[in-house]
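Could you build all of it, start to finish, from the sequences and the hints given here?
Sequences listed follow chains A and B, in order. Position 108 (the first sequence) corresponds to 108 in the working numbering; numbering is contiguous. Position 10 (the second sequence) corresponds to 10 in the working numbering; numbering is contiguous.
FYI, nobody ran anything at the bench for these hints, they're computed from the structure.
Below 30 Å or equal to it, Euclidean Cα-Cα: the simulated BS3-like pairs (lysine-lysine) are:
{"hint": "1", "chain 1": "B", "residue 1": "K53", "chain 2": "A", "residue 2": "K45"}
{"hint": "2", "chain 1": "B", "residue 1": "K161", "chain 2": "B", "residue 2": "K176"}
{"hint": "3", "chain 1": "A", "residue 1": "K154", "chain 2": "A", "residue 2": "K165"}
{"hint": "4", "chain 1": "A", "residue 1": "K71", "chain 2": "B", "residue 2": "K131"}
{"hint": "5", "chain 1": "B", "residue 1": "K56", "chain 2": "A", "residue 2": "K45"}
According to the in silico footprint, chain B covers these stretches of chain A (three or more CB under 8 Å from chain B):
{"hint": "6", "segment": "19-31"}
{"hint": "7", "segment": "51-64"}
Computed spacing ranges between beta-carbons, pair by pair:
{"hint": "8", "chain 1": "B", "residue 1": "L3", "chain 2": "A", "residue 2": "Y104", "range": "39 to 47 Å"}
{"hint": "9", "chain 1": "A", "residue 1": "S110", "chain 2": "B", "residue 2": "A58", "range": "32 to 40 Å"}
{"hint": "10", "chain 1": "B", "residue 1": "G158", "chain 2": "A", "residue 2": "H78", "range": "41 to 49 Å"}
{"hint": "11", "chain 1": "A", "residue 1": "H78", "chain 2": "B", "residue 2": "N57", "range": "16 to 24 Å"}
{"hint": "12", "chain 1": "B", "residue 1": "G158", "chain 2": "A", "residue 2": "Y104", "range": "49 to 57 Å"}
{"hint": "13", "chain 1": "B", "residue 1": "S86", "chain 2": "A", "residue 2": "A20", "range": "38 to 46 Å"}
{"hint": "14", "chain 1": "B", "residue 1": "S86", "chain 2": "A", "residue 2": "S129", "range": "57 to 65 Å"}
{"hint": "15", "chain 1": "B", "residue 1": "R85", "chain 2": "A", "residue 2": "A108", "range": "34 to 42 Å"}
{"hint": "16", "chain 1": "B", "residue 1": "E154", "chain 2": "A", "residue 2": "L105", "range": "49 to 57 Å"}
Note that this is a predicted model, so its numbers are computed, not measured. Note that beta-carbon positions come from the ideal geometry of N, C-alpha and C, so glycine has one too.
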Amino acid sequence: MYFPVTGEYEKVMDVQEYIASGILELYVAGQLSERENREVATHAKAHPEILAEIEAIEASILSLSKTAAPKTVASFDHVLPRLEEVQETKVVKLEEKKTPWPSYLGWAASLLLAAGLFYVYDQNTELQSRIEVVEEQRSDLEKQIFEAKQSLEKSETLLTSLRDKNITVVPLGGQQVSPDSYAKAYWNKAENKVFIDAQGLPTPPEGMVYQVWSLTLNPLTPTSVGLLSEFETDENRVFALSNANASEAFGITLEPAGGSESPNLEQLYALGTVTGP
Amino acid sequence: MQLETLITRFQQRDTVAFEKLYGMYAENICGVINTIVKDDTLASELCQDVFVKVWKNAESYNASKGRFFTWLLNIARNTAIDEVRSKTYKDQKKNLSADYFVGILDRSEISEESSVDTNEIGRLIKKLKQKCIELIELLYFKGYTQKEVSEELEIPLGTVKTRNRSCISQLRENMKK
Chain A
1 MYFPVTGEYE KVMDVQEYIA SGILELYVAG QLSERENREV ATHAKAHPEI
51 LAEIEAIEAS ILSLSKTAAP KTVASFDHVL PRLEEVQETK VVKLEEKKTP
101 WPSYLGWAAS LLLAAGLFYV YDQNTELQSR IEVVEEQRSD LEKQIFEAKQ
151 SLEKSETLLT SLRDKNITVV PLGGQQVSPD SYAKAYWNKA ENKVFIDAQG
201 LPTPPEGMVY QVWSLTLNPL TPTSVGLLSE FETDENRVFA LSNANASEAF
251 GITLEPAGGS ESPNLEQLYA LGTVTGP
Chain B
1 MQLETLITRF QQRDTVAFEK LYGMYAENIC GVINTIVKDD TLASELCQDV
51 FVKVWKNAES YNASKGRFFT WLLNIARNTA IDEVRSKTYK DQKKNLSADY
101 FVGILDRSEI SEESSVDTNE IGRLIKKLKQ KCIELIELLY FKGYTQKEVS
151 EELEIPLGTV KTRNRSCISQ LRENMKK
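Right, here's the structure in full:
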């Protein structure tokens with residue numbers, strides 16, 4: 001009999017009750033958790049009755065399972081050679097584990113694939129941006145072609161106008177302010193138009209504009225024909241103006257932006273008389 | 001030699017110790033396998049496989065896995081169940097009845113080659129109720145959980161543990177006679 005030391009009594013389990021609970025049968029069946037297994041093993045060490053009970057339960061299962069044994073059970077001699085084989089294959093397996101080639105190959109393949117995909121993506125992005133640039137260039141060229149066509153049409157129209165038989169050409173020579181300047185007036189009396197070719201005039205300073213005057217000589221009377229506006233941006237520097245005057249001469253003066261009522265003769269850049277058709 | 005010493009030596013790959021353990025448990029383990037596969041030749045083959053596996057996994061046994069026999073039982077059960085689930089087995093055993101191992105016991109009784117004393121079997125299962133045989137077979141040989149057993153045998157979950165205890169007690173009684 002087990003006599004617990006006084007004070008420890010409460011902690012001592014009721015062995016008979018524990019045995020009767022049926023937990024030991026489940027222990028032998030392998031139905032308990034790892035924690036429960038350890039608990040039972042601990043109790044079995046502390047209480048010989050528990051160990052004896054476990055062994056008895058096990059023995060009953062052993063004899064019952066034995067009754068179902070096949071007619072022939074291989075002798076250990078049959079199993080023994082296979083144990084060595086296991087150890088050999090185990091060594092091979094360990095080596096296999098050191099170099100899991102299929103796994104490496106798998107990773108390598110997926111890395112290659114990822115790299116390949118990235119490369120293709122990168123290439124695609126580059127091509128896309130190149131296409132965009134080319135598109136832009138194409139659109140620019142189209143615009144240039146359109147502008148050139150327009151310019152050509154304009155030039156042709158201009159040329160036709162200047163070649164008109166009714167045109168009177170009036171060369172305008174440079175004056176004191178700017179002796180090197182020159183201009184030409186192509187005057188179509190029939191259509192009351194005058195084209196001023198201002199190619200030979202310097203670019204006007206900021207805030208100033210060239211103003212064209214029609215002059216009658218006796219007495220000298222200037223009449224404004226118009227301004228050579230947007231002088232800098234006009235590509236051929238030929239300006240079409242209306243002139244219904246009976247002009248005897250044309251003059252070009254530099255005037256403040258917007259033009260003046262009467263010409264500032266101190267800023268007379270070009271002047272020429274109409275010599276008749 | 002003490003069981004504990006044998007197990008320790010077996011875990012150190014002592015074939016002599018393993019031979020002793022084989023002698024102690026081979027027939028029982030082969031029997032457990034046979035209750036599942038219900039084929040003497042196949043059970044005998046699988047039984048050898050199980051002991052090879054046991055040797056291979058010697059280090060993995062420890063007290064947290066319960067009794068040594070319980071550990072063996074577990075490996076045997078899993079091996080046999082895997083076999084039963086395999087395609088080859090299913091193809092060959094289409095007409096196999098789902099009978100409990102009593103069927104095998106009946107066959108053993110008429111077999112003269114059997115190493116088991118037929119009187120012993122009779123003695124063991126005599127008076128053991130059918131319910132008890134089923135319960136023991138499911139819990140010990142087929143590895144059913146208590147819940148699965150309660151569903152299979154249609155008994156309340158709470159009574160599985162106590163009924164199992166009384167069935168094992170009955171079995172132990174029969175062994176004494």
